[in-house]
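Undergrad: So you can see what is in the structure, the chains are spelled out below.
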Amino acid sequence: MVTQTPVTSIAGHAPASQHGSRAFDVVYDWITTVDHKKIGIMYIVYALIFLVIAGIEALLMRVQLAVPNNTFVSPQSFNRLFTMHGTTMVFFVGMPILFGFGNYLIPLMIGARDMAFPRLNAFSFWISAFSGFLLYFSYFAGSGLYGAGTAPDVGWFAYAPLTARVFSPGHSTDYWTLSVLLSSIGSLGTALNIVATTLSMRCPGMKLSRMPLLVWLYFVTSCIAFIAISPLSAAQIMLVIDRYLGGHFFDTQAGGSAVLWMHFFWIFGHPEVYILVLPAFAFANEIIPVFSRKAIFGYPAMVSATVGIGFISMGVWAHHMFTVGLGPGANAFFTLATMVIAVPTGIKIFNWLATMWGGNIHFSTPMIFSIGFLFQFLVAGLTGVMLAAAPFDWQLGNSYFVVAHFHYVLVGAILFMIFAAFYYWYPKMTGRMLSERLGKWHFWLFVIGFHLTFDFMHIPGILGMPRRIYTYEADRGWAIWNMIVSSGAIFQTIATLIFVYNLVVSYFKGAVAGPDPWDAWTLEWSTSSPPPSYNFAKTPTVESRRPLWDLKHPEEPDTQYE
Amino acid sequence: MSTAVAVAHQANEEWRQPSRGIVGMACLIAAESAIFIIFVVAYIFYTGKSLTGPTPREVLELPIFSTICLLSSSITVHFAVHELRASKVRLSAWWLAATVLLGSIFIASTAAEWYKLIYHDGLTIRTNLFGTTFYSLVGLHASHVIAGLIMLGLALIFTLMGKVNQSHAERLEVLSIYWHFVDAVWVVVFTVVYILGR
Amino acid sequence: MEQKSEAGHNAVHMPSPTVWPMVLAMGLTLIITGMVTSAAVSVLGLILSLASVIGWFREVLPHEAHQMVDAVEEEIEISSARKSIDRLPIDPMHRKLVPLEIFRITTGIKGGIAGGIAMIVPATIFSLLKYHSFWYATNLMAAGGFVSWAGQSDQFLAQFHLEGLLAALVIHTVASVLVGLLYGAMLPMFPRWPILTAGFLAPLLWTGLLFSTLEFISPVLNERISWFWFIPSQIAFGLVCGFVVNLQAKVRTPQFQALPFALRAGLHGAIGEAGDETHPKDGKA
Ligand code: HEM
Ligand SMILES: [Cu+2]
Numbered sequence: 000m001v002t003q004t005p006v007t008s009i010a011g012h013a014p015a016s017q018h019g020s021r022a023f024d025v026v027y028d029w030i031t032t033v034d035h036k037k038i039g040i041m042y043i044v045y046a047l048i049f050l051v052i053a054g055i056e057a058l059l060m061r062v063q064l065a066v067p068n069n070t071f072v073s074p075q076s077f078n079r080l081f082t083m084h085g086t087t088m089v090f091f092v093g094m095p096i097l098f099g100f101g102n103y104l105i106p107l108m109i110g111a112r113d114m115a116f117p118r119l120n121a122f123s124f125w126i127s128a129f130s131g132f133l134l135y136f137s138y139f140a141g142s143g144l145y146g147a148g149t150a151p152d153v154g155w156f157a158y159a160p161l162t163a164r165v166f167s168p169g170h171s172t173d174y175w176t177l178s179v180l181l182s183s184i185g186s187l188g189t190a191l192n193i194v195a196t197t198l199s200m201r202c203p204g205m206k207l208s209r210m211p212l213l214v215w216l217y218f219v220t221s222c223i224a225f226i227a228i229s230p231l232s233a234a235q236i237m238l239v240i241d242r243y244l245g246g247h248f249f250d251t252q253a254g255g256s257a258v259l260w261m262h263f264f265w266i267f268g269h270p271e272v273y274i275l276v277l278p279a280f281a282f283a284n285e286i287i288p289v290f291s292r293k294a295i296f297g298y299p300a301m302v303s304a305t306v307g308i309g310f311i312s313m314g315v316w317a318h319h320m321f322t323v324g325l326g327p328g329a330n331a332f333f334t335l336a337t338m339v340i341a342v343p344t345g346i347k348i349f350n351w352l353a354t355m356w357g358g359n360i361h362f363s364t365p366m367i368f369s370i371g372f373l374f375q376f377l378v379a380g381l382t383g384v385m386l387a388a389a390p391f392d393w394q395l396g397n398s399y400f401v402v403a404h405f406h407y408v409l410v411g412a413i414l415f416m417i418f419a420a421f422y423y424w425y426p427k428m429t430g431r432m433l434s435e436r437l438g439k440w441h442f443w444l445f446v447i448g449f450h451l452t453f454d455f456m457h458i459p460g461i462l463g464m465p466r467r468i469y470t471y472e473a474d475r476g477w478a479i480w481n482m483i484v485s486s487g488a489i490f491q492t493i494a495t496l497i498f499v500y501n502l503v504v505s506y507f508k509g510a511v512a513g514p515d516p517w518d519a520w521t522l523e524w525s526t527s528s529p530p531p532s533y534n535f536a537k538t539p540t541v542e543s544r545r546p547l548w549d550l551k552h553p554e555e556p557d558t559q560y561e
Numbered sequence: 000m001s002t003a004v005a006v007a008h009q010a011n012e013e014w015r016q017p018s019r020g021i022v023g024m025a026c027l028i029a030a031e032s033a034i035f036i037i038f039v040v041a042y043i044f045y046t047g048k049s050l051t052g053p054t055p056r057e058v059l060e061l062p063i064f065s066t067i068c069l070l071s072s073s074i075t076v077h078f079a080v081h082e083l084r085a086s087k088v089r090l091s092a093w094w095l096a097a098t099v100l101l102g103s104i105f106i107a108s109t110a111a112e113w114y115k116l117i118y119h120d121g122l123t124i125r126t127n128l129f130g131t132t133f134y135s136l137v138g139l140h141a142s143h144v145i146a147g148l149i150m151l152g153l154a155l156i157f158t159l160m161g162k163v164n165q166s167h168a169e170r171l172e173v174l175s176i177y178w179h180f181v182d183a184v185w186v187v188v189f190t191v192v193y194i195l196g197r
Numbered sequence: 000m001e002q003k004s005e006a007g008h009n010a011v012h013m014p015s016p017t018v019w020p021m022v023l024a025m026g027l028t029l030i031i032t033g034m035v036t037s038a039a040v041s042v043l044g045l046i047l048s049l050a051s052v053i054g055w056f057r058e059v060l061p062h063e064a065h066q067m068v069d070a071v072e073e074e075i076e077i078s079s080a081r082k083s084i085d086r087l088p089i090d091p092m093h094r095k096l097v098p099l100e101i102f103r104i105t106t107g108i109k110g111g112i113a114g115g116i117a118m119i120v121p122a123t124i125f126s127l128l129k130y131h132s133f134w135y136a137t138n139l140m141a142a143g144g145f146v147s148w149a150g151q152s153d154q155f156l157a158q159f160h161l162e163g164l165l166a167a168l169v170i171h172t173v174a175s176v177l178v179g180l181l182y183g184a185m186l187p188m189f190p191r192w193p194i195l196t197a198g199f200l201a202p203l204l205w206t207g208l209l210f211s212t213l214e215f216i217s218p219v220l221n222e223r224i225s226w227f228w229f230i231p232s233q234i235a236f237g238l239v240c241g242f243v244v245n246l247q248a249k250v251r252t253p254q255f256q257a258l259p260f261a262l263r264a265g266l267h268g269a270i271g272e273a274g275d276e277t278h279p280k281d282g283k284a
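Residue numbers (numbering that gives the first Met the number 0), protein chains in the order written: chain G, 0 to 561; chain R, 0 to 197; chain A, 0 to 284.
None of these hints come from the bench; they were simulated from the model.
There may be inaccurate statements among the hints.
Facing chain G, according to a computed beta carbon distance under 7 Å, are these residues of chain A, among others [claimed, not checked]:
no.: 1; residue: V11
no.: 2; residue: P16
no.: 3; residue: T17
no.: 4; residue: L23
no.: 5; residue: A24
no.: 6; residue: V68
no.: 7; residue: A70
Listed next, the in silico EDC-like pairs over lysine to aspartate or glutamate satisfying Cα-Cα at most 20 Å (straight line) [as the list claims (entries may be wrong)]:
no.: 8; chain 1: G; residue 1: K206; chain 2: G; residue 2: D113
no.: 9; chain 1: G; residue 1: K206; chain 2: R; residue 2: E13
no.: 10; chain 1: G; residue 1: K537; chain 2: A; residue 2: E72
no.: 11; chain 1: R; residue 1: K48; chain 2: G; residue 2: D250
no.: 12; chain 1: R; residue 1: K162; chain 2: A; residue 2: E72
Where a beta carbon is used, it is the ideal one built from N, C-alpha and C, also for glycine.
All chains should be modelled from the sequences, with the hints used to inform the complete structure.
TA: As structure tokens, then:
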């Protein structure tokens, strides 16, 4: 076996120039690149930076809520903190990091040299990046309520009429609208690119029915993005018209409707959560089979369940609006539709379990994160089904129970799978392995912290603690639970620090990975780590779903069974 | 075992995939349709809900002529692509020019309509819900027409400069798909705003 | 980019790097930023955007800018450290292929329709016996869809209402067909006691599920439903649907086609027999 020496810098070798410093060359190289791998890495790094920022915001909120009657932050700052935390996590962490992995992996997995539209790809990345900067620039420049220069404070779903000029003077809300609007241009661009790449750039033999499931799931995600993100953009344009041109879309004084905004937002909002979770499923689809040493169970069922989720997710948005009073017909419809989503989701869970069943499971870090994901996603789905029953939701809507539900998905499922993806593909991206020992520390600390925080967060919700309050009285019986919840944050912080340390140190000191450290089966492992700019010296040809399995086991290739 | 990937049996069937340009345009159209749907829904939701006048019935007139112009430009652009495929560049240029002309007539008559609405009927985007939804929906569509016109205009200029040949037929086709889409949206907008909404 | 000069070169077309996408993104962001700061910023953004649009255009028209990159063919060995594969002791296939036989989709639909019709009988008997009306059960089912019917009297529900009939028809057909499809998919998995599973267990489970949730789905129905009569109608559905489904022939899946000839011809028995538990290790499908 020929071991690959890792290329010393993932920046690649900029042509050595006599004048001008080398640092400048490297920067210029990254700024002008149209290489999907570099763009993917930039997406990921940028999302990690925002992850840390939004994480700090969460930490500040938890400190404030740890004890009753706290005055650690002011009510105004608290509003800004949860608004910025939510907006950042969804638009500037979740989407970019998932798009980053997609960008990096999809061409490699389908045997292509680049995305379908490399320049559009670069453009999409940069506009997402700049829109993130624009949002945070508001902390320095946005004049908010009563001229207090500062960030948006209307919540991540920015309900009307709170966003009207009268209730939100100055520009803080405009920062929110405009930066999210800009970032959705980037998201749409990347989604378009992913669809065009999967449909038009596959290497010979890579039929749709042979694509790795990751590619399938990203394809479906991107299709959802077209139909989900555009409504948000439309609603944002309406809001801009209201705020800048004096329109009346959401102006209740002139007959406009605040509920219409809710509808528009959640028509985006619910599919959005599936845009975020499907890539996490995608990682699981690649990681679980490799570490169970078995092919994925029920490939066609997985694909159809994903497509099913895509369709159903379009028709459930109003479960976020039960408390508005939709009427019995709509309540029954959205309750049922929401519960129906649990069916394809359940199919997936069973398929993962069946993949592991009887397998030769290797408990490496990517796999233990995936197992954590399986359990936690199950619980999150269960609380979701509970909330889907309208009468139940009337009691617990807008309480910490809801916050616990969706953090269970966003952290317990999505973030866990993102960590798994890091441990799994970092060797491909850098040529070095991440430390397994630190990985285990990371995992266990994070699991403990996660469960301390989010298991116990359900309880104050059931006890009636509303979300988005900046403090509470001591006699409510919430104090002990909030203390536990906040203490979990400490564990998670330490675990994240270990992770970041691992990322940095392993880049220089990690064990050399070689092209195929996990003995895996998809095409990205057939080229060197990190791959050359052209990915494959020769365009590969595939004949089954697991091309590398066929090569490794010529006596029993998959081709016999397809 | 050695090099690269996969047991190269023979790739006997020819390997064909859809053109990325057309796929990309289809995606764009899907996304744009969703935007338009939301605006149309808002328009329908707010019809008859304005608290003050003027109402659509009082001020809107059917833009029949400009509609005919816009719809027939779909036909002309189709011929432009067709001729370019057949390597008849000059003829293609003529059809392109006709398309740009028809599109411009449409925009000009929209401008005239807005002028009348604003200065004679006193309907602006601030006046009432009708004004808000009308200008934003029709304006959104008009901005798409303008974007299409700019690109068609560029294509025309390049053709006249002699820089276009048969190999660009596919790109022109992608552009023409966009133009057909803009026309189709107009059919919806026309029905909703000028027929149902009145 | 790697540029080593070694043997085995071939040149690859790659799109050349370009600064314009980034500048365009910055330009657009600045235009927007102008809306929250000052117009001068927008002007700057506009200039940048125009410049980059022109620059970008010139790069892709009339031909996309390319650069040639030398692709170095490296020897990358693809092999597995795990050469040993655990074989299944029994199955000559080494792989478990499931399922070998399934019902057609139409089978489920047929079964659902037949069951749906069968269900009407007990429901109508109930309706006639208790309320002396042919339509009571129909209207009761439809009531979930009509808010205004919530407060209506039994008498009202006993009369004929066209919209009630239509709504009930839709609800009943959709539900029956869906459950029928489920039967088509599930029955091959429980081949043992078809009458027990399809005719009794499934209807009872379903009734239990409905019993606990109906309150939320259709309060009107929940108030007046007679569970005593509900169960026989479910069982009627289960028996007839299961019977119709099991009557139909099964078709062989592509997995079956993949089996070696000897197995397909039935020379070796024991394929896909229920309870034939296998423990595939390392790379089993
Ligand atoms: C079986 C699947 C699921 C069901 C049945 C479900 C159900 C629900 C319901 C009914 C609510 C509304 C609660 C309320 O506002 O009163 C809700 C909120 C939420 N869910 Fe889920 N959910 C599911 C999966 C997911 C997934 C996969 C995600 C994320 C990836 C997610 C993220 C969220 C978020 C972010 C909210 C709250 C939005 C907000 O109010 O700020 N859910 N879910
Ligand atoms: Cu939802």
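Undergrad: Decide, hint by hint, whether the structure agrees.
TA: To see whether the hints hold, each was checked on the structure:
1. For the restraint placing V11(A) at the interface with chain G, the shortest Cβ-Cβ distance is roughly 4 Å, inside the 7 Å limit, so the hint holds.
2. Given hint, P16(A) at the interface with chain G, holds; its Cβ is 4 Å from that chain's nearest Cβ, closer than 7 Å.
3. Given hint, T17(A) at the interface with chain G, holds; its Cβ is 6 Å from that chain's nearest Cβ, closer than 7 Å.
4. Using the Cβ-Cβ criterion of 7 Å, the hint placing L23(A) at the interface with chain G is satisfied: the shortest such distance is roughly 6 Å.
5. Checking A24(A) against chain G: minimum C-beta separation of about 4 Å stays under 7 Å; hint holds.
6. For V68(A), the interface hint holds, since its Cβ comes within 7 Å of a Cβ in chain G; the closest pair sits about 5 Å apart.
7. Because the beta carbon of A70(A) sits about 4 Å from the nearest beta carbon in chain G, less than 7 Å, this interface hint is met.
8. Taking the CA atoms of K206(G) and D113(G), the gap is near 18 Å; set against the 20 Å cutoff, the hint holds.
9. Annotation: proposed proximity of K206(G) to E13(R) holds, straight-line Cα distance about 12 Å (limit 20 Å).
10. Proposed proximity of K537(G) and E72(A) is supported: the alpha carbons are some 8 Å apart, at most 20 Å.
11. Restraint check for K48(R) and D250(G): the C-alpha separation of about 12 Å stays at or below 20 Å, so the hint holds.
12. For the given pair, K162(R) sits about 38 Å from E72(A) by alpha-carbon distance, which is inconsistent with the 20 Å threshold.
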